[in-house]
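Engineer: Got chain G; can you put chains W and S on it based on the hints?
So the protein lines, in turn, are chains G, W and S.
Anchor point for the first sequence: position 35 equals 35 in our numbering, and the numbering is continuous, going up by one each time.
Anchor point for the second sequence: position 67 equals 67 in our numbering, and the numbering is continuous, going up by one each time.
Anchor point for the third sequence: position 104 equals 104 in our numbering, and the numbering is continuous, going up by one each time.
Note that these hints are calculated values from the structure, not bench results.
Treat the hints with care, as some may be off.
What the hints assert, rightly or not - Derived lysine-lysine pairs resembling DSSO-like cross-links, with alpha carbons at most 27 Å apart: (1) G:K118 with W:K72; (2) S:K94 with W:K120; (3) S:K120 with S:K90; (4) S:K90 with S:K118; (5) G:K94 with S:K120; (6) W:K118 with W:K94; (7) G:K94 with S:K90; (8) S:K72 with W:K118; (9) S:K118 with W:K118; (10) G:K120 with W:K90; (11) S:K90 with G:K72; (12) W:K72 with G:K120; (13) G:K123 with G:K90; (14) S:K120 with W:K120; (15) W:K90 with W:K118; (16) G:K118 with W:K94; (17) G:K72 with S:K118.
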Amino acid sequence: MKLALATQALAAAVLAAGVALTPVVSHAQSTPQQAAQKSERHRLVLQVSENDPANWNLALNNAENVQQALGKDNVQVEIVAYGPGLNMLKGESKVAGRLNAALDNNVSLLACGTTMRKMKLTKADLAGGVNVVPGGVVHIMQRQSEGWNYVKP
Amino acid sequence: MKLALATQALAAAVLAAGVALTPVVSHAQSTPQQAAQKSERHRLVLQVSENDPANWNLALNNAENVQQALGKDNVQVEIVAYGPGLNMLKGESKVAGRLNAALDNNVSLLACGTTMRKMKLTKADLAGGVNVVPGGVVHIMQRQSEGWNYVKP
Amino acid sequence: MKLALATQALAAAVLAAGVALTPVVSHAQSTPQQAAQKSERHRLVLQVSENDPANWNLALNNAENVQQALGKDNVQVEIVAYGPGLNMLKGESKVAGRLNAALDNNVSLLACGTTMRKMKLTKADLAGGVNVVPGGVVHIMQRQSEGWNYVKP
Chain G
1 MKLALATQAL
11 AAAVLAAGVA
21 LTPVVSHAQS
31 TPQQAAQKSE
41 RHRLVLQVSE
51 NDPANWNLAL
61 NNAENVQQAL
71 GKDNVQVEIV
81 AYGPGLNMLK
91 GESKVAGRLN
101 AALDNNVSLL
111 ACGTTMRKMK
121 LTKADLAGGV
131 NVVPGGVVHI
141 MQRQSEGWNY
151 VKP
Chain W
1 MKLALATQAL
11 AAAVLAAGVA
21 LTPVVSHAQS
31 TPQQAAQKSE
41 RHRLVLQVSE
51 NDPANWNLAL
61 NNAENVQQAL
71 GKDNVQVEIV
81 AYGPGLNMLK
91 GESKVAGRLN
101 AALDNNVSLL
111 ACGTTMRKMK
121 LTKADLAGGV
131 NVVPGGVVHI
141 MQRQSEGWNY
151 VKP
Chain S
1 MKLALATQAL
11 AAAVLAAGVA
21 LTPVVSHAQS
31 TPQQAAQKSE
41 RHRLVLQVSE
51 NDPANWNLAL
61 NNAENVQQAL
71 GKDNVQVEIV
81 AYGPGLNMLK
91 GESKVAGRLN
101 AALDNNVSLL
111 ACGTTMRKMK
121 LTKADLAGGV
131 NVVPGGVVHI
141 MQRQSEGWNY
151 VKP
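Okay, chain G solo, but in the shape it has when bound:
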């Protein structure tokens, strides 16, 4: 009986350790179970900070290819545009058509609020469906700390 209690407590201890570990699972080499869990949890934040349509197209290609490779439902993709890169997300952007396609595929398009203020832009200047985050770099930092992958195309 004592042992049974102790075993129960042990199970609780192992469980506690397990729960505490959960958040870092995405950084770990995986057991089959974790691999299954992982397969649903790919997360990618792409940074656009250049005023260059070729770079914007590359970022959009990256989003598209990652979705095709991993399965659209298995990966969350965000494109964060800040600094000179913000022009990508303006209504008059040279990639405006592709922005719509990306949104249709559930790619999040996020504009840096700090850059908008500096460029005297409002949400009305952005392409439809673009969301604004307070700060682009702070948002990227937060995503990294949450375990998202980060790529600057």
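Structural biologist: Chains W and S in isolation, oriented as in the chain G frame:
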């Protein structure tokens, strides 16, 4: 009594797991307590590896905006310049004035020692207050492994 | 006897927590033992996504300098080329000579299969010794999730 001992040992086991986990807290989704801890521990390493004053200004803007958003005392910011980016940190740099302002705001400016050797520069060629790390990329690797966020503007 | 069993089980619990933690060791501040383990486990993925020989040379310099700083046997280095960066790894690349030297030093050169398909290239178009990964960005994501450091020169 036996159970009491076992329980004590269990507590030790849980504690041990907890201690071992501490270093990865910054990667974890947070309990309120951890969130409080986290708020004081934002850390960002910015990479400058381009010979382009527009890129240097972008990196300096990023440092400034992150400090304003998170509170200067809640975030450590380093700018690591290497390769062609090292020119940013020379005494004659086009952003020399902004370097002083960044240093005043406790942004660390770090020059790559390997690049300096290749460019035959000494510390006297750098702006005042700039520190030298043996290798820029190795320093960035180390910071990432310590849990710092990484952004290449 | 019961306590002995419980203690044995406790040891197993602690061990289980320890084993589960192993994969994130590279993110943790280290005990001496872990530091020793770490010294053999530096891992760096370098991204090349620009069609610019200066950028290619910078990436190759980065690989070289990291190996010299950490010891060639203590660090794994991969260069992943995708998008416009894929030209770096073609047989006719302007850095073809340096590619051979990198391979001799055990730097892995990885070409993005998705980009190759878009550019209608086959493995025969690539420099000898280059390997192909299905997708460059997905490969970088995977490496990050495995705890590799990531630098875009």
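Engineer: Are the hints correct? Go through all of them and say.
Structural biologist: Verification of the hints:
1. G:K118 with W:K72: holds, 20 Å
2. S:K94 with W:K120: holds, 26 Å
3. S:K120 with S:K90: holds, 12 Å
4. S:K90 with S:K118: Roughly 14 Å between the alpha carbons, so the hint for K90 (chain S) and K118 (chain S) holds.
5. G:K94 with S:K120: holds, 26 Å
6. W:K118 with W:K94: holds, 21 Å
7. G:K94 with S:K90: violated, 30 Å
8. S:K72 with W:K118: Holds, at about 20 Å.
9. S:K118 with W:K118: violated, 38 Å
10. G:K120 with W:K90: violated, 33 Å
11. S:K90 with G:K72: Given pair K90 (chain S), K72 (chain G) is violated - Cα atoms ~31 Å apart, limit 27 Å.
12. W:K72 with G:K120: holds, 25 Å
13. G:K123 with G:K90: Given pair K123 (chain G), K90 (chain G) holds - Cα atoms ~9 Å apart, limit 27 Å.
14. S:K120 with W:K120: Measuring from Cα to Cα gives roughly 43 Å; hence the hint is violated.
15. W:K90 with W:K118: holds, 14 Å
16. G:K118 with W:K94: holds, 22 Å
17. G:K72 with S:K118: holds, 20 Å
In summary, the structure is inconsistent with hints 7, 9, 10, 11, 14 from the numbered list given earlier, while agreeing with the others.
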